[in-house]
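Chains as they are written, first to last, in the numbering used here: chain R, 1 to 456; chain Z, 1 to 456.
Wrong hints could be hidden among the right ones.
Unchecked claim - Derived DEER-like restraints, expressed as beta-carbon distance ranges:
1. Z:282 to R:95: 38 to 44 Å
2. R:95 to Z:258: 52 to 58 Å
3. Z:249 to R:268: 48 to 54 Å
4. Z:350 to R:249: 26 to 32 Å
5. Z:32 to R:95: 17 to 23 Å
Calculated from the structure, these hints are not laboratory results. Note that the Cβ used here is the ideal one computed from N, Cα and C, for glycine as well.
Protein chains: 2
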Amino acid sequence: MIDAVVTYLQDHHARFVEELASWLRIPSISTYPEQATEVRRAATWAHEKLVAIGFPVVETITTAGHPLVYAEWLAHPDQPTLLAYGHYDVQPAEPLDEWLSPPFEPAIRDGNMYARGAVDDKGQVMLVLAALEAWAKTTGGLPINVKVLLEGEEEVGGEAIDTYVQTHSARLKADAALICDTHMLSERQPSLVTGLRGILYTEIAMHGARSDLHSGSFGGVAPNPVHALCVLISRLKDADGVIHIPELNAALQAPPSVEKQFWDDDPLDLTGLLLREMGVDELVGESAYPPLERLWARPTLEVHGIRGGFTGEGAKTVIPASALAKVSLRLPAGLQPDEVFAWFEKAVRAYTPAGYRVTVTMLSAGEGLLMSPDNLFIQAAASALESTYGVPPVFTREGGSIPVAALFDQVLQLPVVLMGFGLPDDGLHAPNEKFSLAQFTKGMATVADFLGRLQR
Amino acid sequence: MIDAVVTYLQDHHARFVEELASWLRIPSISTYPEQATEVRRAATWAHEKLVAIGFPVVETITTAGHPLVYAEWLAHPDQPTLLAYGHYDVQPAEPLDEWLSPPFEPAIRDGNMYARGAVDDKGQVMLVLAALEAWAKTTGGLPINVKVLLEGEEEVGGEAIDTYVQTHSARLKADAALICDTHMLSERQPSLVTGLRGILYTEIAMHGARSDLHSGSFGGVAPNPVHALCVLISRLKDADGVIHIPELNAALQAPPSVEKQFWDDDPLDLTGLLLREMGVDELVGESAYPPLERLWARPTLEVHGIRGGFTGEGAKTVIPASALAKVSLRLPAGLQPDEVFAWFEKAVRAYTPAGYRVTVTMLSAGEGLLMSPDNLFIQAAASALESTYGVPPVFTREGGSIPVAALFDQVLQLPVVLMGFGLPDDGLHAPNEKFSLAQFTKGMATVADFLGRLQR
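Next up, chain R with everything else stripped away, as it sits in the complex (with noise of 0.2 Å):
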């Protein structure tokens, strides 16, 4: 039966490219509320592509923000149930000039696809509906039953997944959870992502003097909220990555020693790959911990940005009346967001110099995630990539956060297969972001694999 859907895969590959294209097209840049409808196109284009497959219920759910796409195909009362998520929106593209080629226009270059939200997560929800597809061209239906949610918020945080998911709970009963939105070591190297960091995403605003002032008239007597928040932000962490908030020092918990382990070791040598990846002689961060256990389960401080005052061209003398920033907490599963954003904002005040107006507001939060790879859909996963791939799977986690896995975990209570096709150079959140063709083929084969292995 696999092969036939295999065949299907190969048949059919070209317009599958095809079709991820005409997806791409579609700039669903969440965070911009002018974008909106362009959001609610993405959203359509899934709706018309999972009822194109076969699935009896397709709906597009309005929410809030911006629309859930479900769908679900239950034809075998003695067969597992699978909740396949992923998103429609993206992030968005600036900066514009450093695209090789436009952001949403696809471009095919040395066997990859480049676009935003290629791999991010157009891509992989394209090759989870290709097998899909392809088991439902192929046999006539899908070999377990499958429920498929999409939602058009996971790169703003934003909150209709989890009031859904919060009052519908019993219509996503299943038997575990699939998500394709993580990327494997190398395309040699197939893994599967066990654990996850939660985050906390804050934007911190500084304020001095009432108006901007003349540094010739006001400066070594007046507030310069940018040298303030610079301040700020060097204390909360310092130069040597050590972030300073007590109580999230005191709330981390020592990892598995087999983890750890892997970590020191680090026998795949991935920290060479991160500093190819990004171009860099050295890596930054606390000393004290190997690069993976930095990467991987300890808690991250970034400032993903920062404005204040005057940076055109030229030289202008002025002492900015307020500066603003954007700072993340990357948290290790077992965290409360909501609690460490407490721990955050009481370290903000505490490290504002005198004479200054903060204010910190929580744009986002998820928490994290820790799976067993003994789980039995884990294990089925496995033996799918080792199929496709010839190798199996080392189980590794991922610094990242997908707010809708801890979701799945804490709400529905399922097994979370996070089982993803991404390259480490796929360049997401990036310009030139791209998706290896190779591995949107691999992946649809992966998948119609994974699925066929469920069958009992």
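We have chain R already, so just place chain Z on it with the hints.
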């Protein structure tokens, strides 16, 4: 004679205000290359005004940057010659949405003229031109010899006037220079500036990885140039306002005790004035020095702007590849900006964390100045101010830099009279810049009186 001149000023006051408004309507922003035509229009306006006053020689001098306007009226071999300086270029007007009336549509409210350039420096040049016109039209000439030199690059620290003065020192020979580009302590307390700090304006660029990165995939090991820039800036100047550039601190000299006494005592409660002007409850800066010393005589280090990463609406989990800051140092008279730049650059390199590439560029520089209050030209200015305001002026320093004053001091070896009619709350370089029309009126009368007093 001076009575007739003053009467002329009163009779033509409304027209002088209209003429100023017409000049202010020209958006002569020297830092924006696309505004070059407007800068030239502002020069032409001044040229035509000088011709109308009756100057027998008026020239618009083409330079590598914006033009200079030069005029001379040398009818009295037995009289002294005054070189009057001003600038017709203005600062950018951003942020535009904070202006109550558009920056280039002059509006009169509550006895003030609101516009970009109102006080800095078109309004102050205009009152000198009015005084010259009044003498010329009333007496058929000027009481002394006058040379006028106006530049269009003051706000960008341009090289044109520097080059011209260096190469035309014979033509610009004079007995003293008059610069109306400062403010007095209050509308009731005139003051004369006898000291100016120099300036060194730089841009710092911090670079990390080859491209922007996703904080989930790389946070904990990736360089974050925004963070490194914050660390650097907080090391250059700490939270207590102390600058950490060892060679600079070693080069500072103790101030004259009479000035130190005035700064310590602050008999006019200028500190209270500063607090009210800034709309703050406390001053910041080096607590080991009184506010007036910090404002007028200590070096300063200010961040005028900072930019890096994502600062739009919403949340983007990017680790940016680079960040930028504009940083200036104000320098007590006697320090050489070039030498200080070498010290600064050394400190920047020493304080940049490992794993980053940093570049520092000097955008502009100017030396400071110290004058003796005993100088005859300064005494004449003091008498003119006392005649107009009814109280003698106090001698102060100015925190800001006027590079041309140092140029006249060093190259032409002229005593420099820094007589300004701005008020501390004029908001120069900020939104809603204004010039008090009462000060405009008194300024004309004072300059006219000053010109008469210079007659032998």
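* Identify every previously stated hint that the structure contradicts and give their numbers, smallest first. => none
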